[in-house]
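Student: Heads up: the sequence lines are chains A and B, in that order. Each residue of the first sequence is one higher than the last, beginning at 1 in UniProt numbering. Each residue of the second sequence is one higher than the last, beginning at 1 in UniProt numbering.
Incorrect hints may appear among the rest.
Identical copies look the same in the list; a pair holds intra-copy or inter-copy alike.
[Claimed, not checked] Each computed SDA-like pair below joins lysine to any residue, with the alpha-carbon atoms no more than 25 Å apart:
#1 150 with 186
#2 49 with 60
#3 56 with 270
#4 56 with 267
#5 150 with 350
It should be emphasised that the hints constitute simulated quantities derived from the structure, not laboratory data.
There are 2 protein chains.
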Amino acid sequence: MTKPALTPLAESLPASVPFVGPEAQERQMGRTFTARLGANESAFGPSPKAIAAMQKAAGEAWMYGDPESNDLRHALAAHHGVQPENIMVGEGIDALLGLLVRLYVGAGDAVVTSAGAYPTFNYHVAGFGGRLHTVPYNGDHEDPDALIAKATEVSAKLIYIANPDNPMGSWHRAEVIQHMIDRLPSGCLLVLDEAYIDLAPDGTAPAIDPDAANVIRMRTFSKAHGMAGARVGYAIGSAEVINGFNKVRNHFGMCRISQEGALAALQDTGWLSHVRQEVAQARDRIGAIAQAHGLHPLPSATNFVTIDCGHDGDFARAVLAALVAEGIFVRMPFVPPQDRCIRVSCGTEAQLDAFAQALPKALAQAHEKLR
Amino acid sequence: MTKPALTPLAESLPASVPFVGPEAQERQMGRTFTARLGANESAFGPSPKAIAAMQKAAGEAWMYGDPESNDLRHALAAHHGVQPENIMVGEGIDALLGLLVRLYVGAGDAVVTSAGAYPTFNYHVAGFGGRLHTVPYNGDHEDPDALIAKATEVSAKLIYIANPDNPMGSWHRAEVIQHMIDRLPSGCLLVLDEAYIDLAPDGTAPAIDPDAANVIRMRTFSKAHGMAGARVGYAIGSAEVINGFNKVRNHFGMCRISQEGALAALQDTGWLSHVRQEVAQARDRIGAIAQAHGLHPLPSATNFVTIDCGHDGDFARAVLAALVAEGIFVRMPFVPPQDRCIRVSCGTEAQLDAFAQALPKALAQAHEKLR
Numbered sequence: 001m002t003k004p005a006l007t008p009l010a011e012s013l014p015a016s017v018p019f020v021g022p023e024a025q026e027r028q029m030g031r032t033f034t035a036r037l038g039a040n041e042s043a044f045g046p047s048p049k050a051i052a053a054m055q056k057a058a059g060e061a062w063m064y065g066d067p068e069s070n071d072l073r074h075a076l077a078a079h080h081g082v083q084p085e086n087i088m089v090g091e092g093i094d095a096l097l098g099l100l101v102r103l104y105v106g107a108g109d110a111v112v113t114s115a116g117a118y119p120t121f122n123y124h125v126a127g128f129g130g131r132l133h134t135v136p137y138n139g140d141h142e143d144p145d146a147l148i149a150k151a152t153e154v155s156a157k158l159i160y161i162a163n164p165d166n167p168m169g170s171w172h173r174a175e176v177i178q179h180m181i182d183r184l185p186s187g188c189l190l191v192l193d194e195a196y197i198d199l200a201p202d203g204t205a206p207a208i209d210p211d212a213a214n215v216i217r218m219r220t221f222s223k224a225h226g227m228a229g230a231r232v233g234y235a236i237g238s239a240e241v242i243n244g245f246n247k248v249r250n251h252f253g254m255c256r257i258s259q260e261g262a263l264a265a266l267q268d269t270g271w272l273s274h275v276r277q278e279v280a281q282a283r284d285r286i287g288a289i290a291q292a293h294g295l296h297p298l299p300s301a302t303n304f305v306t307i308d309c310g311h312d313g314d315f316a317r318a319v320l321a322a323l324v325a326e327g328i329f330v331r332m333p334f335v336p337p338q339d340r341c342i343r344v345s346c347g348t349e350a351q352l353d354a355f356a357q358a359l360p361k362a363l364a365q366a367h368e369k370l371r
Numbered sequence: 001m002t003k004p005a006l007t008p009l010a011e012s013l014p015a016s017v018p019f020v021g022p023e024a025q026e027r028q029m030g031r032t033f034t035a036r037l038g039a040n041e042s043a044f045g046p047s048p049k050a051i052a053a054m055q056k057a058a059g060e061a062w063m064y065g066d067p068e069s070n071d072l073r074h075a076l077a078a079h080h081g082v083q084p085e086n087i088m089v090g091e092g093i094d095a096l097l098g099l100l101v102r103l104y105v106g107a108g109d110a111v112v113t114s115a116g117a118y119p120t121f122n123y124h125v126a127g128f129g130g131r132l133h134t135v136p137y138n139g140d141h142e143d144p145d146a147l148i149a150k151a152t153e154v155s156a157k158l159i160y161i162a163n164p165d166n167p168m169g170s171w172h173r174a175e176v177i178q179h180m181i182d183r184l185p186s187g188c189l190l191v192l193d194e195a196y197i198d199l200a201p202d203g204t205a206p207a208i209d210p211d212a213a214n215v216i217r218m219r220t221f222s223k224a225h226g227m228a229g230a231r232v233g234y235a236i237g238s239a240e241v242i243n244g245f246n247k248v249r250n251h252f253g254m255c256r257i258s259q260e261g262a263l264a265a266l267q268d269t270g271w272l273s274h275v276r277q278e279v280a281q282a283r284d285r286i287g288a289i290a291q292a293h294g295l296h297p298l299p300s301a302t303n304f305v306t307i308d309c310g311h312d313g314d315f316a317r318a319v320l321a322a323l324v325a326e327g328i329f330v331r332m333p334f335v336p337p338q339d340r341c342i343r344v345s346c347g348t349e350a351q352l353d354a355f356a357q358a359l360p361k362a363l364a365q366a367h368e369k370l371r
């Protein structure tokens, strides 16, 4: 009896996970983290109105969610000044990125991103047999000129850029991104990941043009809205690009509870302002903690601060390992020279107290280890 | 400027939806349904313990769900007497079916199912370029012999069968399915969809053999557990087949709230017994209502009853349209001769009262229309 065989593409893929979850690390360590500062979750929580809406919806969870996410899609369209046909709601940006790659990237098709940018996007490109081309960061910023040049060179189907960027927290002004859009090579779609845009300074997001056929923007309720666990992301694009998702998406995939929560979160603009303030204060505090120990915090337009540890990747990895051992969940960039840094999410005061306490110990241990 | 081009496969796919949701129908009609009996949701709701767990988790939704669904997977493994490595949790059976097809079905690969069986499975097969071969139902049952014969003939990668079956409510005894497993052609994987198994008589599910490399079973919290809107399904299979999902799945796709709800639902065996009783009573009542109007209810091992309307598909479609117009959401099989039936989900007493009241009017209208 021959076993069922995977497709050649599936057979070629490793069983992998772009990120190990903090729970898995906790199980390995046999204890829980004191501070959960590694996944850029919003420790300030969802809007109380969103929590209430989700609690109400929990009792109605016997009903499938609306496969059109109609109410949420209409509310988002109104919020952004576009039509509902310009919005696709999905199970987080991760799921939408997967579908987008599936729609546009066939075996051997070229895709361009920055070396060290979002691993989950790369995972999807590999998963559909695409060929990934990378360009380096430039001064800890993604490099629009290099991305455009590479995409032109390799006739890329997609370019990925996050603005603001993860894992560096850096950002470009709207004009820089718009200039990038204006120079896209023919047949190339720009995937503009704006997961952190709600936390960025005004002037970071270019105006949304619902008729632009060559750009799709990704937004999420996971970051500023504090609903990472609810899995609600959305794409904004031309009606034609958006309608493509209807060819391949899991129509009944959206959790009913999450749809209700996102709708309430969108309407609670007061909570969003509150979170922005909390995040700004936490960024300052993380920066101050870093500086107090001779480290260099990078400017951030996100809900995390990337801290230059002042040495190489081995040193930063040692700091990270020591922090984790001290019960502080943090992550770091994967690729040099950005891997000289660790990345710390904005947390509550108590969480940042724990970080402040653990950091000098971790630095001492890292110095000791690499002496 | 050339627009970005979809892959040839994606370009060839229609933008479609396997099922139109009741909310979309309500928006079209401009009013809500009186009775929601069309999607085999459990009107008896989730376990109160599951609701409480989801309400608690709503406040913790700022954290991503555990990408390994560790606690739920371990609980499910213990429940089924297998190892956690034999379980994959996903965003409903629909999502798992999509991933499974992606893993095994390449362009032109043969897949076998019954004509009129689950459209979402067919949607996934088309979506990955597979070639679908169908065999007819036999006496309103899926036909294991015909499925095996066809799979052997076309060298199928996958066979899909639901036991109990949707949309007919029929079922095979465990021995029949086991005999089917024993005769699978070489290289063929049996996708055994057991979404309704919790509502079937003892002796419907063959014993789970975690070492069997040629069968994968699909289970869900959407039906008996009343959590369709939470999107929690799982697959049971050999460690090797299950690990395949780790090559392509959306690791952080599971809603944290839903994971907690499913865990609590699994533990509340009392609620499951209660739902089984409610479903049995509702099946009897739907049958009695059908018979009172000269229709023939088919035996059911599910939370719905398929009712033979005694004429052809046009008549049943007219009955269905009239029921919908009367505010009763029901669905029906798509393919003759099964499309002589309508399919009514087990509802609360009030919902079935509404159905009982609407049915004679709908029958009269259908007779009038087709006279």
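Student: Hint by hint, note whether the structure agrees.
Tutor: Hint check:
1. 150 with 186: within (13 Å within a copy, 46 Å between copies)
2. 49 with 60: The answer is both: 17 Å in one copy and 14 Å across copies each meet 25 Å.
3. 56 with 270: both (21 Å within a copy, 23 Å between copies)
4. 56 with 267: both (17 Å within a copy, 22 Å between copies)
5. 150 with 350: Cα proximity of residue 150 and residue 350: none, with 45 Å in one copy and 64 Å across.
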